[in-house]
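Novice: Protein chains in written order, with our numbering: chain A, 2 to 295; chain B, 2 to 295.
Calculated directly from the structure, the hints in this document are not laboratory data.
It is possible that part of the hints are untrue.
No copy labels: a pair is met if it fits in one copy or bridges any two.
Mimicking SDA-like on lysine to any residue, the simulated pairs with C-alpha atoms at most 20 Å apart in a straight line are [as the list claims (entries may be wrong)]:
{"#": "1", "residue 1": "Lys38", "residue 2": "Thr289"}
{"#": "2", "residue 1": "Lys73", "residue 2": "Asn47"}
{"#": "3", "residue 1": "Lys258", "residue 2": "Glu270"}
{"#": "4", "residue 1": "Lys254", "residue 2": "Arg108"}
{"#": "5", "residue 1": "Lys197", "residue 2": "Gly166"}
{"#": "6", "residue 1": "Lys254", "residue 2": "Ala292"}
{"#": "7", "residue 1": "Lys198", "residue 2": "Arg246"}
{"#": "8", "residue 1": "Lys145", "residue 2": "Asp274"}
{"#": "9", "residue 1": "Lys197", "residue 2": "Gln229"}
2 protein chains.
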Amino acid sequence: MVNLMNIGFIGTGVMGGAIAQHFLDAGHELTVYNRTKSKTDSLVANGAKWVVTPKMLAEKTDVIFSMVGFPKDVESIYFSDNGVFAGLKPGSIVVDMTTSTPSLAERIDKEAHVQNSLALDAPVSGGDIGAQNGELTVMVGGDKPAYEKMLPLFETIGKRVNFFGAAGTGQHAKMANQIMIAGTMTGLTEMLVYAKKANLPLQQVLDTLSSGGADNWSMDNYVPRILQGDYTPGFFAKHFLKDLRIALDEADKMGLKLPATERAKDLYEIMVDQANLGDDGTQGLIKTYPAWNK
Amino acid sequence: MVNLMNIGFIGTGVMGGAIAQHFLDAGHELTVYNRTKSKTDSLVANGAKWVVTPKMLAEKTDVIFSMVGFPKDVESIYFSDNGVFAGLKPGSIVVDMTTSTPSLAERIDKEAHVQNSLALDAPVSGGDIGAQNGELTVMVGGDKPAYEKMLPLFETIGKRVNFFGAAGTGQHAKMANQIMIAGTMTGLTEMLVYAKKANLPLQQVLDTLSSGGADNWSMDNYVPRILQGDYTPGFFAKHFLKDLRIALDEADKMGLKLPATERAKDLYEIMVDQANLGDDGTQGLIKTYPAWNK
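If we strip away everything but chain A, and leave its shape as in the complex, we get (with noise of 0.2 Å):
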């Protein structure tokens, strides 16, 4: 049996928004916040409480999750005068699902310790589809004793939770991911591009390549969204845009070339700062080729 919580939930966009509804449906108690209070609506008709700052919902709750859009964001919610870490009671967990970067990341540890409290970074991946089936992969750096106490949470939204060690390294795993799925999201729409160029039937392409050594989640997952013109996010160009900058950063720090995702990163820059779609998926990426539009 699940242990039922005082959760806080900030950040109920797309993502955040469905994990947090598993966590009503699992019975916990819910208060929620975000910028744009009506994305809180249907979870506060659901019953979860709302308040006006993250300050308040640090108050009133015992767990504090959070997913929002970029670093910027998570440094304002935890660190600002109307942040959690201005309301935070001792002996709280504080859990970042944001995709941010690692030295935030152990920059809210630091604090969370501070303040007799705990923290996690624990970004997740499975987009919207994920999200919403609650068969997400959660990626955890931080306490391991805060990790064992929200495993049961985790679980209702994840089908794979895995900890990777201190605090950051949640982070960099999901930053592999991202590099990953860059070489995913590339070559899916270059295939896809010059395939209709050639003229052949797209539908039979992605059944072929789908069934031997090309195949991969994005082309099975995106390809029938972009046959079909659908270019809403599953996951936000935008986002994934930020993400592949914090990857390179921290590639770069490190002292790592890496030449192909740098492409990728040039690709969707193009397409969020040139064209102009960061708020279409990631799918999007294949408006930006002249010859996929005539």
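Fit chain B to the supplied structure of chain A, relying on the hints for placement.
Specialist: Below, chain B alone, put in the same frame as chain A:
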């Protein structure tokens, strides 16, 4: 029941040898030719006949398969003085399974028709494991009636066989396949270099990524080999580079820019042309990343 045929097979290397053996196992009569004769030894020991030239092979058989290295080898095998077309009997079917250029496939098709025969281009994917297990993916272009006659043979070696259209479309489909794999190979390589440098437990990273949105066949099959220091070819890096060059040539002819594939080609050029590792498998790309070797 499979109609027993009199088959010739040219090019009995890692892939071709495994395919030819499946034809033998299915009870067909088999005649083999390979530039390096020793690579036909095990097939001959199992009942195949050996001939000195592709021309002699064509004279003695009704159905001629070829799977060699490069388009120039294909050209030589078919069009040289001792080549297939110098000995082809009317009513034959020629099937080139080499990954080669769409334009060469069209040229073979044209010459086969001149000689009252039929031709197919039928490149495969699935690597050495797929060939050994008879689980290749076969991508076929050319004469539909020839395709229908060859289908029982293709089904002996492939779990998925697809007909794409006119001569050259099998090759185009294979190019789409290789463009996709360029993404998975560069992605898994840089993912693993990053994870190692960040001191993550690599097996656990693999287990985690393979359960989520980053999952792909290349990662599942090649990362375990890399972690064991196994760079033996499932698929030769030099052949993969050849494929990427064909794909980018074809893209160029069609007026397409494929920047991610271009970058992958540049990286495989470093591996094959500069580091001289073309006889390694495609997973050997990681050896060209300095951080991996420390």
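Novice: Next step is simple, just say for each hint if it's right about the structure.
Specialist: Going down the list of hints, with the structure as the test:
1. When the C-alpha separation of lysine 38 and threonine 289 is checked against a cutoff of 20 Å, the pair qualifies neither within a copy, at 33 Å, nor between copies, at 50 Å.
2. When the C-alpha separation of lysine 73 and asparagine 47 is checked against a cutoff of 20 Å, the pair qualifies neither within a copy, at 30 Å, nor between copies, at 68 Å.
3. For the identical chains of this complex, lysine 258 and glutamate 270 are neighbours both inside a copy (18 Å) and across copies (17 Å), given an alpha-carbon limit of 20 Å.
4. Taking the closest pair of Cα atoms, lysine 254 and arginine 108 come within 20 Å of each other only inside a single copy of the chain (17 Å); across copies the shortest separation is 52 Å, beyond that limit.
5. For the identical chains of this complex, lysine 197 and glycine 166 are inter-copy neighbours only, at 14 Å across copies versus 45 Å inside a copy, given an alpha-carbon limit of 20 Å.
6. Only between protomers do lysine 254 and alanine 292 lie at most 20 Å apart by alpha-carbon distance; the minimum there is 13 Å, versus 37 Å within a single protomer.
7. Taking the shortest alpha-carbon separations for lysine 198 and arginine 246, only the inter-copy value of 17 Å comes in at or below 20 Å, while the best intra-copy value is 31 Å.
8. Proximity of lysine 145 to aspartate 274 under the C-alpha cut-off of 20 Å is found in neither arrangement, the shortest distances being 39 Å within a copy and 47 Å between copies.
9. Taking CA atoms no more than 20 Å apart as the test, lysine 197 paired with glutamine 229 passes inside one copy only; the shortest distance there is 14 Å, against 39 Å between copies.
The structure is inconsistent with the numbered hints 1, 2 and 8, although it conforms to all the rest.
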